[in-house]
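Enquirer: Each chain is listed here by its residues.
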Amino acid sequence: MSARTRPQQRALWGGLIIIGILFIAFFGLRTLRAYKKFNGHRPPPPGTVETDVELIRDWMTISFISRAYRVPEKIIFDALNISPIGNHEKSLKGLNNEYFPESDGAVLDVVKAAILAHQPPPRPDAGPSASPPP
Amino acid sequence: MSEYLLTQVINYGPPLVALILFLGALGLPVGASAVLIAAGAFSQQGILNWPLTAVLGLAGALLGDMLSFGMGHFAKDAVQKKFGKSSAWRSARTAFQNSAGAAIFFTRWLVTAIAIPTNLVAGGSGYKFPRFMAYDIAGEAVWIILYGGLGYLFGSQWELVSDFLSNFGGLILGLLFFGFGTRQFLKRQREVKSKKVEA
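Residue numbers (my numbering), protein chains in the order written: chain A, 1021 to 1154; chain B, 23 to 221.
Please keep in mind that the hints were generated in silico from the structure rather than gathered at the bench.
Mixed in with the good hints there might be a few duds.
[Unchecked claim] Among the chain B residues that face chain A by a calculated CB cut under 10 Å, a handful are:
{"id": "1", "residue": "L28"}
{"id": "2", "residue": "Q30"}
{"id": "3", "residue": "N33"}
{"id": "4", "residue": "Q67"}
{"id": "5", "residue": "N71"}
{"id": "6", "residue": "P73"}
{"id": "7", "residue": "L168"}
{"id": "8", "residue": "L172"}
{"id": "9", "residue": "G177"}
{"id": "10", "residue": "G191"}
{"id": "11", "residue": "F202"}
{"id": "12", "residue": "K209"}
{"id": "13", "residue": "R210"}
[As the list claims (entries may be wrong)] Which bits of chain A does chain B cover? Going by a derived footprint, with three or more residues having C-beta under 8 Å, they are:
{"id": "14", "region": "1055–1062"}
{"id": "15", "region": "1080–1088"}
Quick reminder that beta carbons are idealized off the backbone N, C-alpha and C, glycines included.
I would like the entire structure built from these sequences, with the hints used as guidance.
Expert: The structure is reproduced here in structure tokens:
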């Protein structure tokens, strides 16, 4: 290799080292943060029905939410007061833009409330916070 | 990743997952890994058929890899004309041929950000196509089973898995850049020193 290219090569490898350090610092911190968020979460037991409404996102469709949370579609569409016809494949965001353009996030809030209202009340012996019998 | 794509994956299922994985293998920024994890989660929730999604997804990813390998292969003459006399290109090509199997396998699922350059270099450096496909199939199968399987396992918590894996991939890429750069830098320094001693 010619001597003329040595400084260029040194710059190339030096640049690669600097990019590597930047990547390690940036993604290392993000990996650590993601791990902290992830840590403590365990896979749900097979066959568990989803109940946490905070996991509902505005890209989801009502058909999807209905199946994931085992709540009939009709209940959700009724809560929104819109027809299911032609709305099965639309996201919550799409429905919001179409039917409630003046109030941002309204569909998401109504869907969460409808799911919560449909869920059975927690059994007194279901969690560790249950008070002991007198 | 585009939320629009997630909505469409719910609506159109495995064929769309296959299309996204195909486009991802061609280098389009469609968030293929996140879609794969989401597809696993949607399967666990009873929305998608996992075996069908996995098979079609694997087919889409392999087709994309074949095409990008082909692009490198057909650009080979032009690259050879431009860089053929460069010793740096020749040594890079030899270095790639020596560790191509590991590079192809690991860039399918661990360091996915450099999968496209790997395909192009493999095609452009005259790497044997059947050998490329063998490592490619193994790597893509690991990707589908591992990422889709984690999505399936964690269900509705798939976004946490996706966030962790995408950042972890970036960290591994940084370590690779740093390790490779340091190795080459030290190698150059040693060469310069030995030449000075000889002189």
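Enquirer: Taking the hints in turn, state whether each one holds.
Expert: Against the structure, the hints:
For L28(B), the suggested interface contact is upheld, since its CB lies about 5 Å from the closest CB of chain A, less than 10 Å. Because the smallest distance between the Cβ of Q30(B) and any Cβ of chain A comes to about 9 Å, under 10 Å, the interface hint for this residue holds. Because the smallest distance between the Cβ of N33(B) and any Cβ of chain A comes to about 5 Å, under 10 Å, the interface hint for this residue holds. Taking 10 Å as the C-beta contact cut-off toward chain A, the hint placing Q67(B) at the interface holds, the least distance being around 5 Å.
For N71(B), the shortest C-beta to C-beta distance to chain A is roughly 13 Å, which exceeds 10 Å, and the interface hint is violated. For P73(B), the shortest C-beta to C-beta distance to chain A is roughly 17 Å, which exceeds 10 Å, and the interface hint is violated. Using the Cβ-Cβ criterion of 10 Å, the hint placing L168(B) at the interface with chain A is not satisfied: the shortest such distance is roughly 14 Å. Proximity of L172(B) to chain A holds as hinted, the smallest CB-CB distance being about 9 Å (cut-off 10 Å).
A hinted interface residue such as G177(B) counts as satisfied when its beta carbon comes closer than 10 Å to some beta carbon of chain A; here the least separation is about 6 Å, so the hint holds. The interface hint given for G191(B) is met, as the beta carbon of that residue sits about 8 Å from the closest beta carbon of chain A, less than 10 Å. Contact between F202(B) and chain A, as hinted, is supported at the beta carbon level, the nearest pair being about 7 Å apart and thus within 10 Å. Restraint check, K209(B) versus chain A: the minimum CB separation of about 9 Å is within 10 Å; hint holds.
With a cut of 10 Å, the hint placing R210(B) at the interface with chain A holds, because the nearest CB-to-CB distance is about 6 Å. Counting residues of the region 1055–1062 of chain A whose CB lies closer than 8 Å to any CB of chain B gives 4, so the stated coverage by that chain holds, three being the minimum. Counting residues of the region 1080–1088 of chain A whose beta-carbon sits less than 8 Å from any beta-carbon of chain B gives 6, enough to reach three: the coverage restraint holds.
Hints 5, 6, 7, counting from the list given before, are not met by this structure.
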